[in-house]
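Student: These are the residues of each chain, in order.
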Amino acid sequence: MISNYAFRKFKNHFFFILCAVCVVLAVVPLLSILWEVIVRGAPQLSINFLISTNANGGIGPAIQGTLILIGLTSLIGIPIGILSGIYLAEFGNNHYAATMRSINDILTEFPSIVVGITAYGVIVIALIGSYSAIAGAIALSFILIPIVARTTEESLKLVPNSVREASLALGAHKWRTTLSVVLPSAKSGLITGTLLAVARISGETAPLIMTILGNRYFFQGLDQPMAALPLEIWRDSLQPYASAQAQGWGAALILILIVLSLNIAVRLASRGRFKK
Amino acid sequence: MGKHYPRLRWIALNHQIPPKFFTKKIKITGDFLFKNLAAVIAASAIVILIITGYVLTTDSVPVIERFGTDFFFGTAWNPVEGREVFGALPYVLGTLVTSGIALLIGVPLSLGIAIFLVEMAPRSLRVPISYLVELLAAVPSVIYGLWGLFIFRFWILNYIEIPLSTYLGWIPIFSGTPFGLDLFTAGCILAIMIIPTVASISKEVISAVPNSIREGAYSIGATKWEVIRHWVISYGRSGIFGAVILGLGRAVGETMAVSMLIGNATGPAAMPTSLFQPGQTMASLIANGFLEATGELEVAAYVGVGLILLIMSLLINVGAHIMVTKVLKVKGGAVE
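Just so you know, the protein sequences line up as chains A and B, in that order.
Position one of the first sequence corresponds to residue 1 (the working numbering), numbered consecutively onward.
Position one of the second sequence corresponds to residue 1 (the working numbering), numbered consecutively onward.
Fair warning: there could be bad hints in the mix.
To be verified - Stretches of chain A that chain B covers, calculated by requiring three or more beta carbons in the stretch to come under 8 Å of a beta carbon on chain B: (1) 4-11; (2) 94-104; (3) 143-150; (4) 175-189; (5) 201-209; (6) 241-254.
Hints are computed from structural coordinates only; laboratory data are not their basis.
We treat Cβ as the ideally placed atom computed from N, Cα and C, and that holds for glycine.
Just chain A, same shape as in the assembly:
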């Protein structure tokens, strides 16, 4: 009996340590990634690296391309996503909305490369006829829309009904209530969700391969191929030359700075709000 108890106690401690080891095993890769990206990427940084073309040892076109992509995708995806979310949250008590909700759930889990093939088939082949910046933006907004729609819905549902009723009781129409009362109340949730979604798409690579293709020069038009940071990292890392690989690490540092600063800003801003 005693030995059995000792064994159970031992097992308890053993699994406690095992769970702690799991945490360490997950955190080590993250710290290693951050460490290597900083150590290998930081020596690359210079004004020249940030603003000149690849021929002059810089990644200017890629940075510019990523910023353009983020802007265009947000312009297409955020309004559509937020309006869909409004419908799902405010008018969503029917079969149609339930269907759209589950389709959005499925779309958020779509393999991103499949989205790339879709944009390739529709825009690169059928509509524009060449690899183009706009095709990349549309592919990315296919990924952005479902995420924004779902997070918008979630944050609108957190707004208490009494707020809506108060506005309706004052004689406001439903649309007026939604736009001027419900949306502002859910503002911080909306901003958080949208920024996280933008952070996610700014690191997407797979759909860009067959849509924007990459470009050695600065932006040349929406219907022309364009460079982007993730593509730059991908191509550089597969090159056999140390200088190209170093350039890839520099690009990775810039990309991770963009993505992580969006994430950390969101978490700092929403701290306390989502604390459980």
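Following the hints, complete the assembly by docking chain B onto the known chain A.
Tutor: Same frame as chain A, but now just chain B:
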């Protein structure tokens, strides 16, 4: 219009539809416009789904017409014009093997993290650790690939693959000369990438287990681990199952990191016979080969592989949704 009016009148009379039905005017108000505009915009989800399905099916028709079932069960991959032959089987199997490795390694780790965060960690550590685990999800896939290619691959090669192949090389799945760019490394990087998904959902599930369950178990003398193992985990297992399936969905569709680490075999060489040999998944095949595709048939072959990937991921996700809701409905979230 007038010609049809008597007929409509007849229908109205014989089916007791109030005549108002035909004269009802839709009143265009702000609310009407707003609601319907939002409804139309909300249809974007189904539009995206239909466009995706349409493009992938129509664009892969040439290759499926030409090779039929051989496209799904063949192993050859030859894009040379005049002698083209395409078979997707090695890549389907490669996807299954890498995702399987990812689940085998990633799920226990994620469960450990979730249990540690909810049940064991001191309160002051909980928030920082869950931030760190969530940051794992924020790192872009291509940076995982870059890190994997220059650092992680050598960890796996030196500390796992070389010892395993030296001592257990006689087992077929560990045979071959490890090089670090193979199915096993790709599976390991996937394991890291699914941790945030599985861990955060499992964490939610475990913290949703009511405290009365824990208190009841403690009161009959169970140790902390026994409470977790026999009560908490069983109570939340349907939710944890859902988390695992979502992790599987993520692993199946993951592209960039895998394409940089898997070694890019094509054709019969990509059939996964040993873990320590280069392979290929469906997603990595498309990422690596799509741009080099020349003939119409070759492009169609890549799109066809994309179609298989899409169907597989749809089945996994829809299955997970149906299963989890069903399980929750039947058991009401309680232990059997």
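Student: Decide, hint by hint, whether the structure agrees.
Tutor: Now for the hints, and whether the structure bears them out:
no., hint, result
1, 4-11, "holds (count 3)"
2, 94-104, "holds (count 7)"
3, 143-150, "holds (count 3)"
4, 175-189, "holds (count 3)"
5, 201-209, "holds (count 6)"
6, 241-254, "holds (count 4)"
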